[in-house]
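These are the residues of each chain, in order.
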Amino acid sequence: GAGVSQSPSNKVTEKGKDVELRCDPISGHTALYWYRQSLGQGLEFLIYFQGNSAPDKSGLPSDRFSAERTGGSVSTLTIQRTQQEDSAVYLCASSLGGASYQPQHFGDGTRLSIL
Amino acid sequence: ILNVEQSPQSLHVQEGDSTNFTCSFPSSNFYALHWYRWETAKSPEALFVMTLNGDEKKKGRISATLNTKEGYSYLYIKGSQPEDSATYLCAFRGSNYKLTFGKGTLLTVNP
Numbered sequence: 005g006a007g008v009s010q011s012p013s014n015k016v017t018e019k020g021k022d023v024e025l026r027c028d029p030i031s032g033h034t035a036l037y038w039y040r041q042s043l044g045q046g047l048e049f050l051i052y053f054q055g056n057s058a059p060d061k062s063g064l065p066s067d068r069f070s071a072e073r074t075g076g077s078v079s080t081l082t083i084q085r086t087q088q089e090d091s092a093v094y095l096c097a098s099s100l101g102g103a104s105y106q107p108q109h110f111g112d113g114t115r116l117s118i119l
Numbered sequence: 003i004l005n006v007e008q009s010p011q012s013l014h015v016q017e018g019d020s021t022n023f024t025c026s027f028p029s030s031n032f033y034a035l036h037w038y039r040w041e042t043a044k045s046p047e048a049l050f051v052m053t054l055n056g057d058e059k060k061k062g063r064i065s066a067t068l069n070t071k072e073g074y075s076y077l078y079i080k081g082s083q084p085e086d087s088a089t090y091l092c093a094f095r096g097s098n099y100k101l102t103f104g105k106g107t108l109l110t111v112n113p
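Going line by line, the protein sequences match chains A and B.
The letter at position 61 of the first sequence is residue 65 when you use the working numbering, and the numbering goes up by one with no holes.
The letter at position 44 of the second sequence is residue 46 when you use the working numbering, and the numbering goes up by one with no holes.
Please keep in mind that the hints were generated in silico from the structure rather than gathered at the bench.
A portion of the hints provided could be inaccurate.
As the list claims (entries may be wrong) - Derived lysine-lysine pairs resembling DSS-like cross-links, with alpha carbons at most 27 Å apart:
(1) B:Lys-80 / B:Lys-105
(2) B:Lys-100 / B:Lys-44
(3) B:Lys-71 / B:Lys-105
(4) A:Lys-61 / B:Lys-100
(5) A:Lys-15 / B:Lys-71
(6) B:Lys-61 / B:Lys-71
(7) A:Lys-61 / A:Lys-19
(8) B:Lys-100 / B:Lys-61
(9) B:Lys-105 / A:Lys-61
(10) B:Lys-80 / B:Lys-60
(11) B:Lys-60 / B:Lys-44
(12) B:Lys-71 / B:Lys-59
(13) B:Lys-80 / A:Lys-15
(14) A:Lys-15 / B:Lys-44
(15) A:Lys-21 / A:Lys-61
As the list claims (entries may be wrong) - Which stretches of chain B does chain A cover? Using the computed rule of at least three CB atoms under 8 Å from a CB of chain A, they are:
(16) 26-40
(17) 54-64
Unchecked claim - Pairwise CB distance ranges (calculated):
(18) B:Asn-98 / A:Gly-44: 23 to 33 Å
(19) A:Gly-20 / B:Ser-29: 38 to 48 Å
(20) A:Gln-84 / B:Pro-10: 33 to 43 Å
(21) B:Thr-53 / A:Lys-61: 21 to 31 Å
(22) B:Glu-47 / A:Gly-20: 22 to 32 Å
(23) B:Gly-18 / A:Gly-20: 46 to 56 Å
(24) B:Asn-55 / A:Ser-117: 36 to 46 Å
Each residue gets a CB set at the ideal place from its N, CA and C atoms; glycine is no exception.
Isolated chain A (complex conformation) (with noise of 0.2 Å):
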C-alpha cells in the first residue's frame, strides 16, 4: 500500500513568508507526528496527533508555526513570517496507533530552504 506522502519535497522561500507543508499518512494510521532535522542537528519533534486528542504541540519552536490535522488523515504544518532558521528538512511520520513497541513510517519530508 502507499506509504507516508509529503508535499512539497522542496521549497524555497523568501525570508518573511508563510509556507505550508502537507502530510498524507498511511491509511488507518491514527498517529501522525512532525519532525524536523536542521544542518548538524538529529531529528526534532515538533508536534504528535493521535486520534481526536488534543495535539501534543510541546516541541514546537515558536508561535510561528501551527499544525492541523483534518478528518483525522492528512495533516497541514504552517510556519509564518519564514526565517532562516526555519531551514531544514521537514518530516512527517505515521504509526498505527501511539503504543510505544510501534514504529513510525516517515514520508521522504520537504526540503525547506529560506533565502
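With chain A fixed as given, assemble chain B onto it according to the hints.
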C-alpha cells in the same frame, strides 16, 4: 532535556567487514528504543523497536541488543555491503509519545 548519544559520528568500512555502533540513552522512564536506517534521498526506515532489557533482535545481517539498566543499545552489521551505506538513527521513547533521536552514525561501506 533527554540526551541520546550515538557513536561514532561516522564510520568507513570495507565491503565484507563487520561493524557495530552504539546508542546511549536515559535509563529512567524507559518505554522503547527504536532503530532506523536513513539512506540518502529516501525516508527513514524502521529497523527494530526494542522494549525489554536484554532484547536481541535480528533482521538479515543486522542485529541489535538492548541494556535498559545501563542505558545503551548496540547495532551490529555482519559482512557489510555497499547498500548498507546510510545513517543509522536510534531514538528513545519515554512515557510521552515523542521519540528523542540521536544525531546518527553515518556508515559508508567501500566496495
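Against the 27 Å threshold, does the CA-CA distance of Lys-71 (chain B) and Lys-59 (chain B) hold or violate the hint?
18 Å, holds
At a Cβ distance under 8 Å, does chain A reach at least three residues of the region 26-40 of chain B?
holds (count 4)
CA of Lys-61 (chain A) to CA of Lys-100 (chain B), is that 27 Å or under?
Holds. Lys-61 (chain A) to Lys-100 (chain B) sits at ~11 Å (cutoff 27 Å).
27 Å Cα cutoff - pair Lys-100 (chain B), Lys-61 (chain B)
Holds - the C-alpha atoms of Lys-61 (chain B) and Lys-100 (chain B) are around 25 Å apart, at most 27 Å.
If you check the beta carbons of Gln-84 (chain A) and Pro-10 (chain B), does the distance land in 33 to 43 Å?
Since Gln-84 (chain A) and Pro-10 (chain B) have Cβ atoms about 39 Å apart, the given range 33 to 43 Å holds.
Taken at face value, is the distance from the CA of Lys-44 (chain B) to the CA of Lys-60 (chain B) at most 27 Å?
Holds: Lys-60 (chain B) and Lys-44 (chain B) sit about 22 Å apart, inside 27 Å.
Straight-line Cα separation of Lys-61 (chain A) and Lys-19 (chain A) no greater than 27 Å?
24 Å, holds
Taking 27 Å as the top limit, are the C-alpha atoms of Lys-100 (chain B) and Lys-44 (chain B) close enough?
22 Å, holds
Coverage of the region 54-64 of chain B by chain A, judged on three or more residues with CB within 8 Å
violated (count 0)
Does the alpha-carbon distance linking Lys-105 (chain B) and Lys-61 (chain A) stay inside the 27 Å limit?
22 Å, holds
Does the structure keep Lys-80 (chain B) and Lys-105 (chain B) at a Cα separation of 27 Å or less?
23 Å, holds
Below or equal to 27 Å on CA atoms is what counts here, so check Lys-21 (chain A) against Lys-61 (chain A).
Given pair Lys-21 (chain A), Lys-61 (chain A) holds - Cα atoms ~22 Å apart, limit 27 Å.
The structure does not agree with the numbered hints 5, 13, 17 and 22 stated previously, though it agrees with the rest.
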